[in-house]
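**Student:** Residues per chain, in single letters:
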Amino acid sequence: MEGTLKNNTSKQLLWIGMIGITMFFAGLTSAVIVRSADRGWESIIMPQWFWYSTFAIVLSSITLMIAKRQVKKGISPTFYIVSSLILGLLFSCFQIMGWGQLVSDGIFLTGEKSHPAGSFLYVITLAHLIHVLGGLISLLVTTIKSAQVKYTKKNYLGIELTSIYWHFLDVLWLYLFVFLLYSLK
Amino acid sequence: MTNILIFIVGFLGIVTLVQILRVSELMSAVHKQDVNEVNEKDNIFNSKMMLIVGALFLISFFWQYFEWKHLLLPEASSEHGVIIDELMTFTMLLIIFVFLITQPLLFWYSYKYRKGKGNETAYYFAHNNKLEIIWTVVPAIVLTGVILYGLSTWNKITNADVKGATVIELYAKQFNWTARYSGADNKLGSAHYKLVSPINPSGTNALGVDTRDNDVNAAWKDDIITTPVDNVVHLVKGQPVLLKFRSQDVIHSAFLPHFRVQMNCVPGMTTQFAFTPTKTTAEMKATEGEDFDYVLLCNKICGASHYNMQMKFIVETQEEYDTWMSSQKTLSEKVSTQTVITELVTQK
Amino acid sequence: MSDHHKETFITKYIFSIDHKMIAKQFLITGMLMGIVGMLMSILFRLQLSSPGEPFAILEWFGVDWNPTLDANGNVIGTPIMEGVLDPNLYLSLVTMHGTILVFWVLTAGLSGTFANFLIPLQIGARDMASGFINMLSYWFFFAATVVLLVSLFVQTGPASSGWTIYPPLSAVAESIPGSGLGQDLWLISMTLFVVSSLLGGLNYIVTILNLRTKGMSMSRLPLTIWAIFITAILGVLSFPVLLSACLLLVFDRTFGTSFYLSDIIIGGEALHHTGGSPILFEHLFWFLGHPEVYIILLPALGIVSEVMSVNSRKPIFGYKAMVLALIAIAFLSFIVWGHHMFITGMDPFLGSVFTFTTLLIAIPSAVKVFNYLATLWKASIRFTPAMLFTIGFVSTFLTGGLTGLILGDSALDINVHDTYFVVGHFHIVMGLSAIYGMFAGVYHWFPKMYGRMMNKKLGYLHFWVTFICAYGVFFPMHFLGLAGLPRRYYTNSNFPMFDELTDINQLITTFAIVGGLIQFIFVFNFFYSIFKGTKATKNPWESNTLEWTTPIERMHGNWPGEIPTVHRWPYDYSKPGAEKDFIPQTEPLKEGEEEH
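Residue numbers (the working numbering), protein chains in the order written: chain A, 1 to 185; chain E, 1 to 348; chain X, 1 to 596.
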């Protein structure tokens with residue numbers, strides 16, 4: 001009884017925390033809407049790296065889903081968690097490379113030549129990446145615990161929480177990506 | 001020395017208080033009663049206080065009104081201001097009406113229903129659908145009226161016909177105002193912040209008006225900018241004006257309380273407000289006293305001298321206005337066309 | 001969880017995970033910040049009543065504190081030259097007063113205290129869902145407090161762009177001295193504060209949803225818990241938006257982006273920023289800012305409902321309507337933010353929409369006031385200090401709420417926007433009401449917090465002086481506003497049209513000083529009673545709610561044995577047919593007894 005209660009409250013805490021994060025990004029994206037409806041707005045071609053990173057994070061979500069299935073069956077999920085971790089790192093690298101491409105395209109975060117459209121793109125992707133950092137840390141912790149065989153068929157709350165958060169980051173990125181793609185057109 | 005004295009007095013005060021409390025608590029222990037339990041005496045005292053203070057509160061409300069009535073802004077000096085005042089009077093009367101019913105009720109109930117002899121138990125009354133529906137629906141109906149009245153007034157003000165209105169620009173910066181009249185063509189020449197003189201050495205004026213267009217009919221040519229020496233805005237009684245607002249640095253707010261006009265001045269954008277003055281300064285001086293003047297105030301926190309960012313407005317007759325206007329120099333009379341332009345602007 | 005943990009001094013009083021201790025930490029921090037904020041207001045009230053005159057007290061406060069700097073960073077004079085306040089320091093004081101009172105006292109001090117204290121006790125839980133997150137919430141708040149206090153002592157002065165920190169004033173360091181390091185610290189402090197509020201909010205919601213004791217259905221929750229629950233939801237939805245607004249502001253300030261800045265010349269230099277819009281900030285800020293008003297007010301409404309019912313010996317009238325009104329107010333609070341921006345040149349149609357939604361709030365508010373009046377009708381009122389503050393609350397909520405009808409109307413707002421009319425309005429409806437709610441809560445639950453009673457007579461003195469002085473301060477402000485006086489003016493002596501207002505200002509300052517000083521009676525009473533107050537009994541107010549079934553001695557886990565089961569709603573006072581005039585929630589329904 002105590003155990004399920006703890007599971008439930010932990011999950012709810014996470015869910016409500018994620019609602020908070022959603023509101024944070026809703027604030028940023030509605031700022032884009034308000035601003036783009038105003039005076040001059042620049043169109044930006046999304047760097048191809050962002051497409052690669054989208055692919056990476058979706059894939060990482062899938063491997064994490066498999067990991068959860070494995071642990072439910074009682075098989076060690078370490079391999080799949082590590083895969084997610086690596087794909088997550090790859091996502092982060094692609095994001096940074098995407099910024100590099102933006103700079104070479106002449107779109108800057110700040111300075112005389114910058115435009116709010118470009119700055120928004122940087123800030124929103126950066127803010128998302130910071131949240132991904134948290135996800136990567138919890139993936140790392142889960143990996144270590146999984147390698148130490150801390151998870152069992154019945155007790156895999158850590159994996160569950162990590163995967164909820166990681167899927168959330170995935171969906172959040174998909175939303176932001178589509179949003180930016182559309183509003184920076 | 002005074003500091004030490006303050007400390008000593010404060011310290012002694014606290015000690016005294018502690019002692020008084022100790023004594024009163026010891027006394028009550030002797031009398032075998034709880035000093036902090038609310039007794040009949042407390043209920044009588046506080047319920048009477050409710051009645052007295054409540055009455056004083058309502059009396060003071062009327063006292064304040066009659067004592068300070070003359071300090072309030074005089075009747076609006078603009079066409080739309082009159083309808084704002086009417087809406088204000090209506091809303092004020094409504095809320096004072098509600099205020100004068102509910103507040104006395106609150107204090108009266110607090111007085112009447114104190115616990116004590118004859119009122120030991122309360123009446124168990126948890127809910128009553130009929131009552132609750134009444135006091136949801138009645139405010140809703142009243143509010144519908146308030147909303148409709150308010151919105152129709154708002155629409156009248158914001159949809160004012162600006163065709164034929166004299167266009168005047170008010171330019172705000174820390175911590176003063178500058179005005180620019182659009183001149184005979186009633187059009188303001190365009191401006192850019194990087195042309196502001198002396199920030200830009202090749203700029204020709206303090207408002208950044210672009211004086212590069214050499215066409216005889218260029219909009220900027222007949223613009224008139226007020227000078228710091230004669231920093232007054234002249235308006236004609238009965239002639240609609242369209243004020244356009246810009247700001248050089250931070251957000252300011254142009255507030256003309258007598259005309260019931262207020263609009264923020266935001267750097268990077270132009271805002272506007274149209275109104276028609278209905279009383280000349282001379283007429284106002286006759287009713288409000290010799291030292292009356294229309295003033296423009298800043299009403300958005302903007303820095304150290306926010307409290308002193310003002311400009312005088314004068315409303316006069318057409319003749320007086322024309323006489324004054326004929327003595328003004330247009331921008332093209334003051335400056336030659338800009339030939340050299342620093343690269344600042346071309347960058348965009 | 002139920003066993004008694006061994007507690008050291010540090011885990012008991014400092015890094016405690018016991019919700020009751022965390023509540024007290026919030027309360028005492030909030031109280032101390034309240035004193036700081038109140039003293040600030042007295043300083044600028046002195047300036048307003050006798051502008052430019054020296055005051056010994058100002059001399060005393062800081063001779064070399066916060067010098068004004070010119071564009072090159074050189075000191076111009078001393079801020080408090082022989083006791084005369086400098087205009088920049090005046091704006092700093094106004095800003096910090098607002099920030100401290102709105103966030104530190106009335107958000108953290110009120111919600112933090114009573115949410116932490118009451119949720120587990122009134123729903124029948126051993127503690128919060130996560131004691132650790134709860135502790136973290138307090139320590140983030142503490143860190144925020146430290147940073148904010150440090151910002152008072154930086155050379156260029158604390159933030160001074162108003163508590164609403166509108167850019168460009170808050171974004172461009174050259175525009176006002178306080179926009180330098182002081183503003184940076186303000187933003188850091190606010191970020192820590194938001195994190196604290198979110199951690200707290202998460203915990204409150206989850207605890208209320210999951211840890212209610214047997215029988216405690218949502219329809220049997222005391223109204224305090226309902227109010228706190230809705231407040232927490234508001235916080236989780238609105239504070240992150242403030243964070244996003246601040247993030248963009250930080251980028252503009254520090255990294256040179258142009259989210260909020262455009263075409264600015266300052267200190268004789270044209271800045272490179274183009275394409276930004278300060279109005280964007282206002283939208284984001286007020287999307288938090290308006291719900292924030294209700295984050296402040298709702299807990300007070302909850303406390304007042306509870307205290308009023310207990311001391312009227314009568315059920316709160318229209319429990320369901322009260323809950324629905326809370327929900328309606330909370331919902332509406334998200335779609336009214338534009339009423340702070342009627343004169344920013346917004347699209348007139350949008351202005352109409354915001355007028356409409358804003359005035360709708362009057363309906364649930366009216367329902368609440370009428371329900372309070374109906375609760376007092378035919379009551380048997382026991383005048384505890386808490387009850388007095390409750391009645392005071394209804395009075396101020398009513399007075400301040402009514403003037404809201406004027407400010408919410410876009411057409412009328414044109415001429416009263418940012419005048420003293422607004423200052424009077426929000427201080428009465430949200431400042432006074434919320435602080436009265438807080439006082440009511442402290443007087444009412446003090447016996448539960450410390451096992452001792454607060455002194456009754458000092459409580460009466462505190463209430464009556466506060467009530468009279470507070471109206472004396474804020475009621476005349478409506479007249480100042482209708483005379484056209486703008487807020488945040490260092491002095492109004494530069495306009496002949498305001499000369500005659502000096503008398504009113506002096507009156508207000510007198511009331512402010514007396515009303516401010518009397519708060520020390522409360523502070524004294526509070527600390528004195530912690531150590532020396534008379535011992536409290538288990539249920540001194542003869543109240544129905546669960547917290548009064550816990551033992552007097554504080555213990556971690558709240559109940560020594562089983563957590564009691566709940567059988568009825570919390571407002572069975574003076575129920576016909578009962579032996580006593582109160583029936584605790586733990587008492588089973590008698591045969592044939594209807595619930596309510």
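Treat each hint with caution, since some may be false.
As the list claims (entries may be wrong) - Here are the simulated DSSO-like cross-link-like pairs (lysine-lysine), alpha carbons at most 30 angstroms apart as the crow flies: (1) A:Lys11 with X:Lys12; (2) E:Lys112 with X:Lys580; (3) X:Lys575 with E:Lys112; (4) X:Lys214 with E:Lys117; (5) X:Lys24 with E:Lys48; (6) E:Lys237 with E:Lys312; (7) X:Lys590 with E:Lys130; (8) X:Lys12 with E:Lys117; (9) X:Lys214 with E:Lys41; (10) X:Lys457 with E:Lys41; (11) A:Lys11 with X:Lys24; (12) A:Lys6 with A:Lys113; (13) A:Lys6 with X:Lys24; (14) E:Lys329 with E:Lys237; (15) X:Lys538 with A:Lys154; (16) A:Lys154 with A:Lys72; (17) E:Lys130 with X:Lys378; (18) X:Lys590 with E:Lys48; (19) E:Lys112 with X:Lys378; (20) A:Lys6 with X:Lys575; (21) X:Lys590 with E:Lys41; (22) X:Lys320 with E:Lys112.
Said to hold, decoys possible - Examples of chain E residues lying across from chain X (beta carbon under 10 angstroms, computed): (23) Ser24; (24) Ala55; (25) Val98; (26) Lys115; (27) Thr136; (28) Val138; (29) Ser152; (30) Lys163; (31) Lys187; (32) Ile199; (33) Phe273; (34) Phe313.
Keep in mind that the hints were calculated from the coordinates and are not lab data. Computed from a predicted structure; not experimentally measured. The beta-carbon is built from N, C-alpha and C at its ideal position, and this holds for glycine as well.
**Student:** State the violated hints by number, sorted upward, taking the hints as numbered earlier in the document.
**Tutor:** 4, 5, 8, 9, 12, 15, 18, 20, 21, 24, 30, 31, 34
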